Structure formats: C-alpha cells, structure tokens
Amino acid sequence: MDLAGSFTIFRVITPPTIDSMPQASHLRESFLFNRTVIHEIQRAAEEGIYDIRGWGSKRWMPHFDDLVFLGASMSRYPLEGYREKCSTDVVLGSRFASKPIMLKIPITIAGMSFGALSAQAKEALGRGASAAGTSTTTGDGGMTREEREHSQILVYQYLPSRYGMNPDDLRKADAIEIVLGQGAKPGGGGMLLGQKISDRVAEMRTLPKGIDQRSACRHPDWTGPDDLAIKIEELREITDWQKPIYVKIGASRTFYDVKLAIKAGADVVVLDGMQGGTGATQDVFIEHVGIPTLPALRQAVEALQEMDMHRKVQLIVSGGIRSGADVAKALAMGADAVSIGTAALIALGCNSPKYQEDYEKLGSSAGFYDDYQAGRDPAGISTQDPELAARLDPVLGGKKLANYLRVLTLETQTLARACGKSHVHNLDPEDLAALTIEAAAMAKVPLAGTDWIPGCAGKERKAADF
Amino acid sequence: MCGIAGLFLKNPDSEKDLGAMLAPMLETLCGRGPDSAGFAIYDATTPEGTFKVSLYHPDIAFDWQGLANELQARTGQPVKHSVNSTHALFHIAAHEAEIRAVLAEVVADVTIMSLGRRIQIMKETGTPHDVVSRFGVHGMRGSHAIGHTRMATESAVTTAGSHPFSTGRDLCLVHNGSLSNHSRLRKTLQREGIDFRTDNDTEVAAGYLSWRLQQGLTLQEALEASLQDLDGFFTFAVGTAEGFAVLRDPIACKPAVLAETADYVAMASEYRALAGLPGIEHARLWEPEPAVIYNWSRS
Amino acid sequence: MREIDLESTPVRELNRELHDSIAGTWRVLHPHGAHALAVGIHAPLRIEIAGHAGYYCAGMNQEGTVIIEGNVATGVAENMMSGLVHVHGHASQSAGATAHGGLLIIEGDASARCGISMKGVEIVVKGSVGHMSAFMGQAGTLVVHGDAGDALGDSLYEAKLFVRGRVASLGADCVEKEMREEHLASLTALLERSGSDADAKDFRRYGSSRKLYNFQGDHASHY
Numbered sequence: 001m002d003l004a005g006s007f008t009i010f011r012v013i014t015p016p017t018i019d020s021m022p023q024a025s026h027l028r029e030s031f032l033f034n035r036t037v038i039h040e041i042q043r044a045a046e047e048g049i050y051d052i053r054g055w056g057s058k059r060w061m062p063h064f065d066d067l068v069f070l071g072a073s074m075s076r077y078p079l080e081g082y083r084e085k086c087s088t089d090v091v092l093g094s095r096f097a098s099k100p101i102m103l104k105i106p107i108t109i110a111g112m113s114f115g116a117l118s119a120q121a122k123e124a125l126g127r128g129a130s131a132a133g134t135s136t137t138t139g140d141g142g143m144t145r146e147e148r149e150h151s152q153i154l155v156y157q158y159l160p161s162r163y164g165m166n167p168d169d170l171r172k173a174d175a176i177e178i179v180l181g182q183g184a185k186p187g188g189g190g191m192l193l194g195q196k197i198s199d200r201v202a203e204m205r206t207l208p209k210g211i212d213q214r215s216a217c218r219h220p221d222w223t224g225p226d227d228l229a230i231k232i233e234e235l236r237e238i239t240d241w242q243k244p245i246y247v248k249i250g251a252s253r254t255f256y257d258v259k260l261a262i263k264a265g266a267d268v269v270v271l272d273g274m275q276g277g278t279g280a281t282q283d284v285f286i287e288h289v290g291i292p293t294l295p296a297l298r299q300a301v302e303a304l305q306e307m308d309m310h311r312k313v314q315l316i317v318s319g320g321i322r323s324g325a326d327v328a329k330a331l332a333m334g335a336d337a338v339s340i341g342t343a344a345l346i347a348l349g350c351n352s353p354k355y356q357e358d359y360e361k362l363g364s365s366a367g368f369y370d371d372y373q374a375g376r377d378p379a380g381i382s383t384q385d386p387e388l389a390a391r392l393d394p395v396l397g398g399k400k401l402a403n404y405l406r407v408l409t410l411e412t413q414t415l416a417r418a419c420g421k422s423h424v425h426n427l428d429p430e431d432l433a434a435l436t437i438e439a440a441a442m443a444k445v446p447l448a449g450t451d452w453i454p455g456c457a458g459k460e461r462k463a464a465d466f
Numbered sequence: 001m002c003g004i005a006g007l008f009l010k011n012p013d014s015e016k017d018l019g020a021m022l023a024p025m026l027e028t029l030c031g032r033g034p035d036s037a038g039f040a041i042y043d044a045t046t047p048e049g050t051f052k053v054s055l056y057h058p059d060i061a062f063d064w065q066g067l068a069n070e071l072q073a074r075t076g077q078p079v080k081h082s083v084n085s086t087h088a089l090f091h092i093a094a095h096e097a098e099i100r101a102v103l104a105e106v107v108a109d110v111t112i113m114s115l116g117r118r119i120q121i122m123k124e125t126g127t128p129h130d131v132v133s134r135f136g137v138h139g140m141r142g143s144h145a146i147g148h149t150r151m152a153t154e155s156a157v158t159t160a161g162s163h164p165f166s167t168g169r170d171l172c173l174v175h176n177g178s179l180s181n182h183s184r185l186r187k188t189l190q191r192e193g194i195d196f197r198t199d200n201d202t203e204v205a206a207g208y209l210s211w212r213l214q215q216g217l218t219l220q221e222a223l224e225a226s227l228q229d230l231d232g233f234f235t236f237a238v239g240t241a242e243g244f245a246v247l248r249d250p251i252a253c254k255p256a257v258l259a260e261t262a263d264y265v266a267m268a269s270e271y272r273a274l275a276g277l278p279g280i281e282h283a284r285l286w287e288p289e290p291a292v293i294y295n296w297s298r299s
Numbered sequence: 001m002r003e004i005d006l007e008s009t010p011v012r013e014l015n016r017e018l019h020d021s022i023a024g025t026w027r028v029l030h031p032h033g034a035h036a037l038a039v040g041i042h043a044p045l046r047i048e049i050a051g052h053a054g055y056y057c058a059g060m061n062q063e064g065t066v067i068i069e070g071n072v073a074t075g076v077a078e079n080m081m082s083g084l085v086h087v088h089g090h091a092s093q094s095a096g097a098t099a100h101g102g103l104l105i106i107e108g109d110a111s112a113r114c115g116i117s118m119k120g121v122e123i124v125v126k127g128s129v130g131h132m133s134a135f136m137g138q139a140g141t142l143v144v145h146g147d148a149g150d151a152l153g154d155s156l157y158e159a160k161l162f163v164r165g166r167v168a169s170l171g172a173d174c175v176e177k178e179m180r181e182e183h184l185a186s187l188t189a190l191l192e193r194s195g196s197d198a199d200a201k202d203f204r205r206y207g208s209s210r211k212l213y214n215f216q217g218d219h220a221s222h223y
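Chains as they are written, first to last, in my numbering: chain A, 1 to 466; chain B, 1 to 299; chain C, 1 to 223.
Hints are not guaranteed to be accurate.
Unchecked claim - Once the Cα atoms are required to be at most 25 angstroms apart in a straight line, the calculated DMTMM-like pairs of lysine to aspartate or glutamate come out as:
| id | chain 1 | residue 1 | chain 2 | residue 2 |
| --- | --- | --- | --- | --- |
| 1 | C | Lys211 | A | Glu46 |
| 2 | A | Lys172 | C | Glu13 |
| 3 | C | Lys211 | A | Asp283 |
| 4 | A | Lys172 | C | Glu63 |
| 5 | C | Lys126 | B | Glu281 |
Hints were generated in silico from the structure; no laboratory data involved. Note that the structure is predicted; figures quoted are calculated from it, not measured.
Hey, can you work out the whole structure from these sequences and the hints?
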C-alpha cells in the first residue's frame with residue numbers, strides 16, 4: 001500500500017483452487033461470500049474507500065455468444081469466398097454533415113484518453129486503424145499530436161470535463177462525438193488517478209500534476225435533449241456544418257435515449273453496453289449500472305425504426321466486441337458499425353502471458369489484470385511511466401492492431417457470405433437464432449428451432465419485425 | 001424536455017390579443033419541443049354553479065351535439081357547447097362530482113382536459129405550429145395563459161401525455177425537465193385517490209399539487225412542499241384562476257426567462273420566445289431564482 | 001463596418017462570413033435571442049451585437065472582440081481561448097464555461113455556474129453571480145463585484161476567486177485566503193482592464209484548500 005495519500009490497489013494472487021488443494025473435497029465455498037467477495041470486504045475494511053479499477057464488467061451476462069447464424073442450405077444460397085464480393089464499407093454521418101465519414105470496415109476504435117493510455121498506445125491505435133481504413137477516437141483528455149498525425153480518420157470526443165477542448169482541434173477532427181456517458185458507468189464522469197497525471201497529461205488537462213482527477217458527470221453548459229439540440233447547433237456552426245456529430249450514450253434507458261439523440265439532431269448514435277471498458281472507475285459502477293449490449297442494441301434499433309431513421313442516423317455499438325462473430329451479429333441486429341476498446345488494447349499486448357512475471361509482482365496474473373488505474377501496466381499501454389510505455393513499439397503495435405482488424409473483417413465476411421449476403425449490412429435479425437431464453441427475449445430473436453420469443457405473441461412475431 | 005411559456009396581462013384592454021401574443025411564443029419553442037403542444041387559456045368567469053369543461057375525443061367526427069343533449073337530459077339544465085377540432089368546450093350547470101360521474105357513465109373515451117370556471121386546456125400531438133393553427137390560437141382571448149411544447153423523454157408522444165396537465169379546478173401545470181422519483185410517488189398518490197392516465201412524470205407532479213391542495217394547503221405551500229418531495233430537474237409554470245406561478249428546482253439546470261412591462265408579465269424557456277412581444281425592448285428582463293416561488297395574480 | 005440584419009440574413013451566413021474573414025468590424029441587428037451568434041471566431045475581428053443574444057454567444061472565441069449590447073443566455077463565451085467578450089446586460093447560466101483564456105466582462109449579473117470548470121479565462125462580473133459559480137474551476141480568475149450564491153468554488157482546483165459582496169456559502173474545498181500584495185496588484189490590473197473603478201482592497205480572495213486533491217476515505221462525503 002502507498003502511504004503517501006494517493007492510493008494504489010493491489011489484488012492478491014488468485015488463491016489455489018479447491019481442485020489443487022490436497023484432501024480438500026470436504027471444503028465448501030459460499031456462493032454469496034466467495035473468496036473474491038471476502039477479499040473485497042476486507043480490503044474495504046482496511047482502506048475505507050471504494051475499489052477503483054479499469055476494464056469492463058467481468059461477470060457473465062447474455063451476449064452475442066447466445067446467438068447463432070442460420071447459414072445457407074436448401075432455401076438460401078451462400079456466396080463464394082474471394083470471388084463473390086462481400087462489401088464492408090460504411091458511411092457515417094450522412095444526415096446533416098457535408099463531409100460524412102467513409103470507413104472501409106464497420107469496426108472503429110472507441111474513445112480512450114491519452115492519460116488513461118500512453119502516447120505510444122494512442123499512436124499504435126492510430127497507425128493500425130489507418131492501415132485498416134477506419135477511425136480512432138480521442139478520449140477524456142483531448143487530442144494529441146501523435147493521434148492526429150497517425151490516425152487518418154479521427155473522431156474528437158466532447159465530454160463533460162472538456163479537458164483540452166479547443167476549436168483548433170475541433171476543426172482538425174473528422175467528426176465530433178458528444179459524450180453523455182459510457183457503458184461502464186452511465187451517469188458517471190471521467191476518472192484518472194494521480195500516478196497517471198504526468199506533466200504532459202496535467203498540462204493538456206489544465207490540472208496540477210499528481211492529483212487524483214475529479215470529473216463532472218454532467219456537461220457544464222447544457223442538460224437535457226432540448227438544450228443538447230442547441231449545443232449541437234453551436235458545434236455545427238463552429239465547424240461550418242462539415243463534420244458529423246455523434247452522440248455517445250451508455251446503455252440504460254436506451255429506447256428513449258436514442259429517440260432523444262435523434263430529436264436533438266445527432267448524425268450518429270454511439271451506444272456502449274455495460275460490458276464496455278473504462279480506464280478507471282468504481283467496481284460497483286462497472287458491475288451494477290447499465291444494461292448489456294444485447295438488449296440495448298435491440299432497443300436502439302427499435303427506436304431508430306420507429307422514427308423511420310434506421311440507416312439514416314447511423315448506429316455504432318460497443319461493449320464486448322471480441323471477434324468477427326460479435327461484429328456480424330451486431331450488424332445483423334441492425335447496427336451500422338461496431339467499436340472496440342478492450343479488444344484493441346488486448347491486440348496491442350494487454351494481458352499477454354509474456355509479462356506473467358511482471359503481473360505476479362503486481363499481485364495479478366496474465367488474463368486477470370485490470371488495474372489500469374494504477375498506471376503500472378507491464379504491457380506499457382495504460383501507463384504514463386516512460387520506461388513501461390517504451391515497451392510498446394507503436395509501429396509494431398499498429399501492425400498488430402491492423403492484423404486483428406483484418407481478422408475481424410474476414411470473419412464477418414465469412415459469416416455474411418454463409419448467409420448469402422453481398423454486403424455485411426444486409427445481415428438481418430432473421431438470420432439469427434437464440435440458444436438461451438434470456439438472449440431470445442433480449443434480442444427478440446426466436447429460440448433456435450422454435451418460433452418462440454419470450455414476451456412476443458406467437459408465430460406472427462418474427463425476429464425481422466423489429 | 002421541452003419549452004414552456006406563460007403570459008399574464010395586467011391591462012384588460014389587451015385581453016383580445018392574448019392568443020395573438022401566445023401563438024408565436026409556442027411556435028418559437030418548436031426546436032425544444034417538436035412532438036406536441038398545449039395551452040391553458042383563462043377567460044371570462046362562468047356564472048356561479050356553472051363550469052367550463054374542456055373535453056377531448058380523438059375522432060374529429062365525434063358527436064358532440066349528441067353528448068350535449070345527453071348531458072342536458074341528465075342534469076336537467078341547458079348545456080352550451082362549441083367544437084374546436086378534436087376538442088369541445090362545454091358549459092354545464094351542475095356540481096363537479098355530478099359532471100364527472102355523468103361523463104364517465106355516458107361516454108367511455110372522452111377525456112376531461114380541464115374543468116373550472118375560467119380555464120380551458122387544449123393540447124394535441126404535432127408541431128407547435130400545427131397545434132396553434134389547428135385550434136386557431138391567434139384569435140383567442142383571455143386574461144392569462146400558460147403553454148407548452150413537448151419533446152417527449154420517457155413516455156410516449158400522445159395527446160394525453162402532452163402538457164398542460166390539469167391538477168384541479170382552474171389549475172394546471174406545465175413542466176420543463178425530468179423528475180427522477182415520479183414512479184414511486186405515482187403509486188403513493190394513487191393510494192391517496194389521485195387518478196393517472198399516462199406514464200408521464202409531469203402528470204405525477206400535477207397530481208402531487210392536486211393532492212396537497214386537497215389537503216388544504218395554499219398553492220404557495222403546495223409548491224414549497226414540492227421542493228422537498230419531488231426529485232429531479234424542473235422548471236414549472238402553474239396556471240391558476242387568477243394568474244400564474246413559476247418555480248425552478250434548487251439545482252436549476254433548466255432555463256427560464258421572465259419579462260415584465262406595464263402591460264404584461266411573460267415567461268418562457270428562452271428569450272427568443274419573448275422577443276416578439278409588444279414593448280419587449282423596454283421590458284424588465286430577469287431570471288427566476290432557484291427554489292423561489294413567483295406568483296402573479298389579478299386579485 | 002458591415003451591418004448584418006438577422007431578420008433577413010440567417011445566422012449560418014453571419015458565422016460563415018466571420019469564419020472566412022481575417023479582419024473587420026460587424027454590427028449584428030435584430031438578434032432577438034438567436035443562438036450561436038459569432039461562434040468559432042479565429043481572427044481579431046470585432047462584432048457588435050445590437051440586442052439580446054441566445055445560447056453560446058461567442059462560443060470558442062479566439063482573438064475576436066464580441067460586444068453584446070444586451071443580455072445573453074446560457075454559455076456566453078464558453079470554451080473561449082483568447083480575445084474579449086463584453087456583455088452590457090446580464091448573463092444567464094454557465095457564463096465563460098470551461099474557457100481557457102481571454103477576458104469576459106459582464107456589466108450586469110451572471111446567473112448560476114458562472115465560470116464553471118474554468119481553465120484559464122478571466123471573468124469579471126460587475127453585478128452578482130448565482131450558485132455553483134466556479135464549480136470545479138481549474139485555472140483562471142473570477143472577479144465578482146456583487147454577491148455570490150451558494151456553493152461558490154465547489155470542488156475547486158486552482159482558479160482564483162475574488163468577491164467584494166456577500167458569499168452565500170462556500171463549496172467543498174473552497175476557503176477564504178489571505179490577500180497579499182501580489183494578489184492586490186494583479187486584481188487591480190484586471191479591474192482596470194475591465195473598466196471597473198472598484199478598489200482591489202474591498203475584495204476577498206477565495207481558493208482551494210486542496211484537501212480533495214487525493215482520494216481519501218475521510219472525504220468520501222464530498223464526492
């Protein structure tokens with residue numbers, strides 16, 4: 001424990017499992033008060049403050065894994081790989097902007113701040129995204145030179161804190177993303193602890209070095225969609241109506257939120273499910289606030305369709321996108337694109353087994369590490385320490401990210417072709433079946449082999465109706 | 001989230017212009033309230049024992065004359081009525097309880113928008129411009145009015161979900177903001193005998209005021225109590241028989257501007273909505289303080 | 001001097017013309033509370049607004065001089081980087097919000113949240129300010145000739161606050177501080193630049209007590 005006032009959280013090494021303990025068959029762990037819970041209660045008793053960590057929700061919840069595709073056979077015909085095209089391009093921001101965003105692939109890099117991440121990591125993300133023909137997004141700390149230089153398409157976040165916000169960067173951006181919230185903490189503000197407030201971060205954010213950053217949870221000069229409409233008007237006026245305006249929300253009352261974002265004038269809605277990651281926030285916030293990506297996505301598409309705005313106001317979805325299967329299923333449910341955060345960092349090397357020794361020194365282990373807030377990341381990604389940050393080669397990192405994005409795209413195309421689609425956007429809820437009752441209810445997709453969608457009456461209520 | 005407006009005429013000579021002054025206020029607030037609009041106009045007081053009742057039916061071809069005949073037969077008193085689009089204004093000489101009972105018995109799907117001796121509430125879905133045209137607001141007269149343009153947040157865009165909500169005789173409420181504890185409060189008020197038609201948070205606030213007034217509190221006291229009992233963000237404008245009241249919650253994130261001249265007091269969510277009022281260039285302009293009740297009345 | 005009448009010219013055209021210019025003076029007639037007037041200026045232009053403006057007047061101003069001969073609604077000079085914005089009347093909420101530089105002068109009162117999240121701007125209010133002013137103020141100076149509402153400087157970082165009148169209450173981590181020679185000197189200079197003949201000695205200084213700079217359990221109730 002750090003005695004100087006600013007705190008650092010360490011997790012104990014996962015204790016040996018019951019299976020590995022000799023003659024342990026009589027031991028019975030409590031479901032409610034298991035070792036993890038015991039550890040947390042005792043940590044709270046020691047430190048007197050809530051647990052802060054990075055990453056997203058770690059617990060199980062219904063997700064895309066519970067959906068499967070109905071591939072072609074007798075009634076539907078697949079497309080040949082390579083020769084028969086399956087297009088992946090997407091246009092974002094066609095509603096009002098004179099310069100909409102054109103992406104080669106329907107996968108973008110989500111907003112993550114310089115501060116939460118090292119400059120090298122931001123550069124790597126920019127390089128990789130540009131190689132793949134997609135965009136990156138700044139975070140709650142402003143736009144760095146590295147990211148603007150290396151990112152061909154850069155979305156500039158406009159957050160409650162307004163750290164580093166300035167009109168020059170606004171004009172340099174390709175799109176503006178007004179952030180109401182994120183999936184890890186809908187209703188919460190940004191957080192960065194003192195050990196990561198380096199000189200450079202402090203200067204960009206106009207904060208004293210080494211303090212624990214407190215952030216507002218509401219925007220300082222507007223509250224509510226009626227005033228958001230006026231704020232969007234202002235941002236359009238400042239940028240001469242050229243750039244698309246995205247509105248990002250953490251998933252909670254998604255149906256109403258999406259409708260209001262549309263009414264307020266958004267070009268694109270970015271929806272982050274509760275599985276979405278964060279650089280630092282209270283564990284209770286991450287695990288207990290928000291709804292999963294699956295039902296949120298369905299609600300968002302229903303809202304768009306009810307307002308006859310589906311595909312006219314585009315929808316980007318994030319929160320637990322890991323593979324081309326997740327991408328394809330999100331698109332099938334009606335998203336125009338997806339965004340990755342945690343997965344992108346993992347592609348760069350986060351939680352890699354090659355740092356196992358370092359993880360153990362920190363009281364963690366490869367595959368378990370989530371202490372982004374501590375700034376001691378062995379992979380050099382979520383740190384401001386120059387020595388650690390130097391471990392990440394931005395050029396190599398960029399190549400890795402580009403590779404990963406390529407795989408995501410190929411996987412998506414594979415699944416789309418199997419369903420007979422020449423464009424990934426033609427994937428449809430009707431191409432899906434659910435493996436569990438929860439997923440069927442949340443996604444409004446019938447349980448595989450049946451017509452049943454819990455909560456929807458009978459045979460006439462097919463998945464494609466929403 | 002929405003736009004709200006209030007207009008109180010000090011000078012009786014201006015009463016013929018009330019609608020002409022109110023209409024552009026509502027139309028200017030379209031940007032922050034494009035889904036539906038509504039207003040309450042206060043005009044001549046009915047004779048003792050007679051009430052003005054504003055009724056709504058979604059079918060524009062509804063047989064209002066038939067209803068008037070039926071009411072006349074039931075109450076044994078002449079019933080006057082006039083039709084305006086989907087609404088009709090009835091003058092009925094009977095006790096309030098009897099009026100409500102008879103209406104409930106005779107027609108299932110007619111909604112009472114307002115009941116009182118001076119008030120008439122009309123509200124509909126559509127843009128403020130459409131609503132203002134539909135009802136001919138420009139030609140209306142009266143001593144004071146409050147109005148609302150709606151951007152629906154958490155409940156559906158319906159006529160019933162539009163504001164103003166009537167809280168009692170000659171009383172109504174419009175609201176800009178979003179309450180956070182209305183769900184449980186609704187259940188409490190239902191147990192106290194207050195009826196609700198919609199999921200709208202504003203209807204709960206209106207019901208809360210009704211309830212407090214029924215308990216014997218003055219409007220001032222009821223509004224003071226609401227500061228304790230209602231959670232969330234709100235700017236309220238309350239229409240009363242004699243005038244209107246304005247209240248903002250203590251955090252006061254939702255806007256409000258007031259303007260006063262020798263001839264009127266006006267209130268709106270944005271100055272833009274006041275900019276067309278006569279003599280606005282010389283008006284005293286100010287913002288209501290948070291958690292302070294402002295009240296204007298003829299008496 | 002170029003005159004633009006908003007009764008016949010849309011706001012979009014006004015702003016486009018201002019964005020395309022590197023010098024000049026404009027007089028904007030009949031603003032009638034319109035929003036986003038003179039936003040995103042990035043050259044030493046002079047704009048006079050002949051009436052009341054709506055939200056975000058002079059938003060993100062850089063090098064421009066914007067004079068409003070009336071009141072302004074929410075967020076005047078929000079995120080200003082440099083230059084001068086001078087409001088002859090009153091300002092509504094969040095005046096000078098998150099602004100990094102420049103000088104914002106308000107002859108009348110400012111409402112709640114004046115200088116919220118300020119990041120280096122100088123704001124001088126000749127009248128009073130409402131509650132939560134300088135909330136999370138990170139840098140810059142707020143000078144209030146009149147009174148300040150509740151929770152002044154709540155969650156304050158390094159912004160400096162000077163108030164001559166009554167402070168209804170101080171926010172979390174905001175305390176009165178000693179007025180030393182250097183503060184009197186810089187305040188005197190600022191008062192002069194803002195056209196005030198007030199005496200710096202009549203003001204009291206407020207700043208952060210810096211107790212919330214590092215998360216500690218004992219202060220949990222302040223978060």
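Going down the list of hints, with the structure as the test:
As the CA atoms of lysine 211 (chain C) and glutamate 46 (chain A) are separated by approximately 21 angstroms, the hinted pair is consistent with the 25 angstroms bound. Pair hint lysine 172 (chain A) plus glutamate 13 (chain C) holds up; C-alpha atoms about 22 angstroms apart against a cutoff of 25 angstroms. At roughly 24 angstroms between alpha-carbon atoms, lysine 211 (chain C) and aspartate 283 (chain A) fall within 25 angstroms of each other, so this suggested pair holds. Proximity of lysine 172 (chain A) to glutamate 63 (chain C) is assessed by CA-CA distance (about 18 angstroms); at most 25 angstroms being required, the pair is judged to hold.
For the hint linking lysine 126 (chain C) to glutamate 281 (chain B), the alpha-carbon distance of about 22 angstroms falls within 25 angstroms, and the restraint holds.
In this structure, every one of the numbered hints holds.
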